[in-house]
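So the sequence shown is numbered by the working numbering: it starts at 510 and just counts up by one.
Think of the hints as simulated: they come from the structure by calculation, not from any bench. Hints are supplied without guarantee of correctness; some may be wrong.
Taking CB as the label site, the calculated pair distances span [said to hold, decoys possible]:
| id | residue 1 | residue 2 | range |
| --- | --- | --- | --- |
| 1 | Ala648 | Gly624 | 33 to 43 Å |
| 2 | Glu736 | Asp580 | 34 to 44 Å |
| 3 | Gly578 | Ala668 | 33 to 43 Å |
| 4 | Gln592 | Asp734 | 15 to 25 Å |
| 5 | Thr653 | Pro712 | 40 to 50 Å |
| 6 | Leu533 | Gly578 | 16 to 26 Å |
| 7 | Arg638 | His599 | 17 to 27 Å |
| 8 | Gly578 | Ala540 | 16 to 26 Å |
| 9 | Ala702 | Pro627 | 40 to 50 Å |
| 10 | Leu708 | Pro522 | 15 to 25 Å |
| 11 | Leu519 | Ala648 | 45 to 55 Å |
| 12 | Thr653 | Glu736 | 33 to 43 Å |
Below, in silico cross-link-like pairs of lysine to any residue (SDA-like), each with a Cα-Cα straight-line distance of 25 Å or less [what the hints assert, rightly or not]:
| id | residue 1 | residue 2 |
| --- | --- | --- |
| 13 | Lys534 | Arg546 |
| 14 | Lys534 | Thr555 |
| 15 | Lys534 | Ile717 |
| 16 | Lys534 | Gln592 |
| 17 | Lys534 | Arg521 |
| 18 | Lys534 | Ser634 |
| 19 | Lys534 | Ser515 |
| 20 | Lys534 | Pro637 |
| 21 | Lys534 | Ala523 |
| 22 | Lys534 | Ala715 |
| 23 | Lys534 | Pro727 |
| 24 | Lys534 | His649 |
| 25 | Lys534 | Leu741 |
| 26 | Lys534 | Asp593 |
| 27 | Lys534 | Arg684 |
| 28 | Lys534 | Thr653 |
| 29 | Lys534 | Glu568 |
| 30 | Lys534 | Arg605 |
| 31 | Lys534 | Ala597 |
| 32 | Lys534 | Glu595 |
| 33 | Lys534 | Ala702 |
| 34 | Lys534 | Gly547 |
| 35 | Lys534 | Leu700 |
| 36 | Lys534 | Gly699 |
| 37 | Lys534 | Glu606 |
| 38 | Lys534 | Asp594 |
| 39 | Lys534 | Trp695 |
| 40 | Lys534 | Ala567 |
We treat Cβ as the ideally placed atom computed from N, Cα and C, and that holds for glycine.
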Amino acid sequence: METTVSYARLIRPAIDRVYMGARLKARPRMAAFYAERGHELGMENTLFSGVLARPLPAEALADGLIYTGVDLSRELAQGVFVQDDEGAWHLTERGRELASFGQRATGEAAEELWGTRPEVLPGLSIVPRLADLVGRVLAHAQATGGPAFRAMSPPYEPAGASPALLLVTRLGSLRHHRADAHRAAWRAAGLTAEEIRALPDGPDRAPIEADTDRRDEPAYAVLTDAERWELLAGLAALPN
């Protein structure tokens, strides 16, 4: 591998695939849990890695939701979140119950997914090592992450958490490091969220993606070259 910049771009699809696979697997059980309590799935079950650990600053939340057009008005009306005088978002007791279940269900779904695999793949045996590697990346990235990453990391990790829950939770937080890097890159280029979403792949977008890589790359500097390949290969070996 030539540079950690190319590695930062290379590993992102693997992170997204593994994380989203577990999230999608968990969705039916989360929906059933919510329905029993008269709630609809909300952002608390997407943001659990951060919001279970700390209130979310308004700026960080706005950045994290900038592409979606979503706000927390529904969650506020349902009594899942409250907002303090400075604009930060706090879970209510009911919100913490829902977010905690979302995290637990995602960890259970991940364990089921990764435990079902062909004999040639390592399955759950590599998950503790991957969780450790991602944990080191998260700790190192504290110095370079933007507002959304700082709101979502260090992630909330309950006592006695399984390696699968730790890995999927840490991946959920790590995704925000690159997301912050991408927002910083297109803002530096003078674009808006609407403009970057509409910008196709090509010569106009390439410099922004390269700048994103440059900003995301320092997170992985804590790993040796061999460890970077180990992390990438390990994530690739987990089924979704």
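Practice task
Compare the distance between the alpha carbons of Lys534 and Ala567 with 25 Å, and conclude whether the hinted pair is satisfied.
Solution key: 30 Å, violated
Problem - Status of the given 33 to 43 Å range, CB of Glu736 versus CB of Thr653 - result: 18 Å, violated
Practice task
Take the C-alpha atoms of Lys534 and Leu741, compute the straight-line distance between them, and say whether it is at most 25 Å.
Solution key: The given pair, whose Cα atoms are some 22 Å apart, holds under the 25 Å limit.
Problem - Holds or violated: Lys534 to Glu568, with C-alpha atoms at most 25 Å apart - result: 30 Å, violated
Practice task
Starting from Lys534, check that the Cα of Pro727 is at most 25 Å away, please.
Solution key: Cα-Cα ~31 Å, so violated.
Problem - Agreement of Lys534 and Gln592 with the hint, judged by alpha carbon distance not exceeding 25 Å - result: It is violated: about 31 Å lies between the C-alpha atoms, which goes past 25 Å.
Problem - 25 Å Cα cutoff - pair Lys534, Arg521 - result: Given that 25 Å is the threshold and the Cα spacing comes to 20 Å, the pair holds.
Exercise for the section: Compare the distance between the alpha carbons of Lys534 and Thr555 with 25 Å, and conclude whether the hinted pair is satisfied. Expected result: Holds. Lys534 to Thr555 sits at ~14 Å (cutoff 25 Å).
Handout entry: Beta-carbon spacing of Gln592 to Asp734 - inside the hinted bounds 15 to 25 Å or not
Key = 45 Å, violated
Problem - C-beta pair Ala702, Pro627: status relative to the range 40 to 50 Å that was hinted - result: This hint holds: roughly 41 Å between Cβ atoms.
Practice task
State, for the Cβ atoms of Leu519 and Ala648, whether the hinted interval 45 to 55 Å holds or is violated.
Solution key: At 21 Å between Cβs, range violated.
Practice task
For the pair supplied as a hint, Lys534 and Glu595, confirm whether the alpha-carbon distance does not exceed 25 Å.
Solution key: This hinted pair is violated, its Cα atoms lying about 36 Å apart.
Taken one by one, the earlier hints fail for this structure at numbers 1, 4, 5, 7, 11, 12, 15, 16, 19, 22, 23, 24, 26, 28, 29, 31, 32, 33, 35, 36, 38, 39 and 40, listed in ascending order.
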